[in-house]
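Asks: Protein sequence lines correspond, in order, to chains A and B. According to the working numbering, the residues represented by the first sequence are 1178 to 1333, in order. According to the working numbering, the residues represented by the second sequence are 1178 to 1333, in order.
Hints may be right or wrong, so weigh each one.
Which copy is meant is left open, so a pair is good if it fits within one copy or across any two.
[Claimed, not checked] Below are the DSS-like pairs computed for lysine-lysine, each with C-alpha atoms no more than 27 Å apart in a straight line:
(1) Lys1318 - Lys1203
(2) Lys1235 - Lys1278
(3) Lys1310 - Lys1203
(4) Lys1235 - Lys1265
(5) Lys1235 - Lys1292
(6) Lys1265 - Lys1329
(7) Lys1203 - Lys1235
(8) Lys1226 - Lys1278
(9) Lys1284 - Lys1310
(10) Lys1282 - Lys1329
(11) Lys1203 - Lys1292
(12) Lys1329 - Lys1203
(13) Lys1235 - Lys1284
(14) Lys1265 - Lys1310
(15) Lys1226 - Lys1203
(16) Lys1226 - Lys1265
(17) Lys1310 - Lys1278
(18) Lys1265 - Lys1278
(19) Lys1265 - Lys1203
(20) Lys1292 - Lys1265
(21) Lys1284 - Lys1318
(22) Lys1310 - Lys1273
(23) Lys1273 - Lys1235
(24) Lys1329 - Lys1235
The hints are simulated quantities; they were obtained by calculation from the structure and are not laboratory data.
Protein chains: 2
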Amino acid sequence: MKFNKFVVATLTIGLSGAALAQTIGKAEDQIRWRQSVMQTQGWSMARIKANLEGSYNKDQVIQAANTIQAIANSGSGGLFQPGTDTGKGWRETNVKPEMFKDAAKLKEVGSAYNKEANEMARVAASGDAAAVKVQFGNLGKACKGCHDEFRKEEKK
Amino acid sequence: MKFNKFVVATLTIGLSGAALAQTIGKAEDQIRWRQSVMQTQGWSMARIKANLEGSYNKDQVIQAANTIQAIANSGSGGLFQPGTDTGKGWRETNVKPEMFKDAAKLKEVGSAYNKEANEMARVAASGDAAAVKVQFGNLGKACKGCHDEFRKEEKK
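Produce the complete structure using the sequences and hints provided.
Replies: In structure tokens form, the structure reads like this:
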């Protein structure tokens, strides 16, 4: 999958893509949407994992990696508006208030997420399962980097 | 955004992408994931709509259209496994049992969704707001085509 120049340019914005154009929706919509976006990423990661642990289907891994890449470049940072560290979408948000207070850390973890997601799509396209395994680890660390900083313990 | 040959090939499979590789997750996971996937599409459509109705930001529309395209080509049809016309993800599923009984209709509406989503991404990249407006209408009809057939009335 190839992205145009704009999308590449937004990599440096990372999760702070809120600066882009209109912010839409009420707080409850934004929280539900961001929970949905993250679940879609979770589904995609689970698919790649299943392929690495079971029989490897190149095409399914590409589908999953392309989804991850598109969402990582979607500007979903705009769904994390100040004041939405409390509130309910599908469920109560798990965002820590710190997310809205540490712009430098947010940019750091957001940029890592973008970088590794783009690399995941590139590696998936190669069909090299061993390289996908390595990159899956790198991407997982980038996800965890943000979760550790800005997500409360999952409520089960 | 360009997709490789495989992804183009799956267009004919549409929502019935269940044939691809492993199916993962329990029924409740699959229902939550598909609800999340659809909400992510809904968010993206709402963003395009806001740009058409307010000031037009080409880059935001591209982000939204690329997300729609990636998800439409993600094989999320695999999340609609037989037997999941009842069950709870984020909420009770709205899928009608008919979805699992009319493969021809499913293929028809799924293929339209894929086609219009790919075209949406192509048109968004052009930055031509008038053309985006037309294609937004076409894609909305394709979404509605499936919802009318296979989705129960939204529970509020």
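Asks: Confirm or reject each hint.
Replies: Evaluation of the provided hints:
1. Lys1318 - Lys1203: Classified as between: cross-chain Cα gap 25 Å, same-chain 31 Å, threshold 27 Å.
2. Lys1235 - Lys1278: For Lys1235 and Lys1278, the Cα distance exceeds 27 Å both inside one copy (41 Å) and across copies (29 Å).
3. Lys1310 - Lys1203: between (39 Å within a copy, 24 Å between copies)
4. Lys1235 - Lys1265: neither (37 Å within a copy, 31 Å between copies)
5. Lys1235 - Lys1292: Intra 21 Å, inter 23 Å, cutoff 27 Å: intra and inter.
6. Lys1265 - Lys1329: Answer is both; intra-copy 14 Å and inter-copy 24 Å each pass.
7. Lys1203 - Lys1235: Only across copies: Lys1203 and Lys1235 sit 23 Å apart there, 39 Å inside one copy, limit 27 Å.
8. Lys1226 - Lys1278: Neither, since 33 Å and 31 Å both go past 27 Å.
9. Lys1284 - Lys1310: Within. Shortest intra-copy distance 26 Å satisfies the 27 Å Cα cut-off; inter-copy 33 Å does not.
10. Lys1282 - Lys1329: within (16 Å within a copy, 43 Å between copies)
11. Lys1203 - Lys1292: This pair counts as neither: shortest intra-copy Cα distance 30 Å, inter-copy 31 Å.
12. Lys1329 - Lys1203: Answer is both: 22 Å inside a copy and 25 Å across each meet the 27 Å cutoff.
13. Lys1235 - Lys1284: Only across copies: Lys1235 and Lys1284 sit 23 Å apart there, 32 Å inside one copy, limit 27 Å.
14. Lys1265 - Lys1310: Classified as neither: same-chain Cα gap 35 Å, cross-chain 32 Å, threshold 27 Å.
15. Lys1226 - Lys1203: between (34 Å within a copy, 15 Å between copies)
16. Lys1226 - Lys1265: Between copies only: 24 Å across, 30 Å inside.
17. Lys1310 - Lys1278: neither (34 Å within a copy, 38 Å between copies)
18. Lys1265 - Lys1278: Within. Shortest intra-copy distance 20 Å satisfies the 27 Å Cα cut-off; inter-copy 36 Å does not.
19. Lys1265 - Lys1203: Both, since 11 Å and 25 Å are each at most 27 Å.
20. Lys1292 - Lys1265: neither (30 Å within a copy, 35 Å between copies)
21. Lys1284 - Lys1318: within (16 Å within a copy, 38 Å between copies)
22. Lys1310 - Lys1273: Close neither inside one copy (30 Å) nor across copies (38 Å); limit 27 Å.
23. Lys1273 - Lys1235: This pair counts as neither: shortest intra-copy Cα distance 37 Å, inter-copy 32 Å.
24. Lys1329 - Lys1235: neither (34 Å within a copy, 35 Å between copies)
The structure does not agree with the numbered hints 2, 4, 8, 11, 14, 17, 20, 22, 23 and 24 stated previously, though it agrees with the rest.
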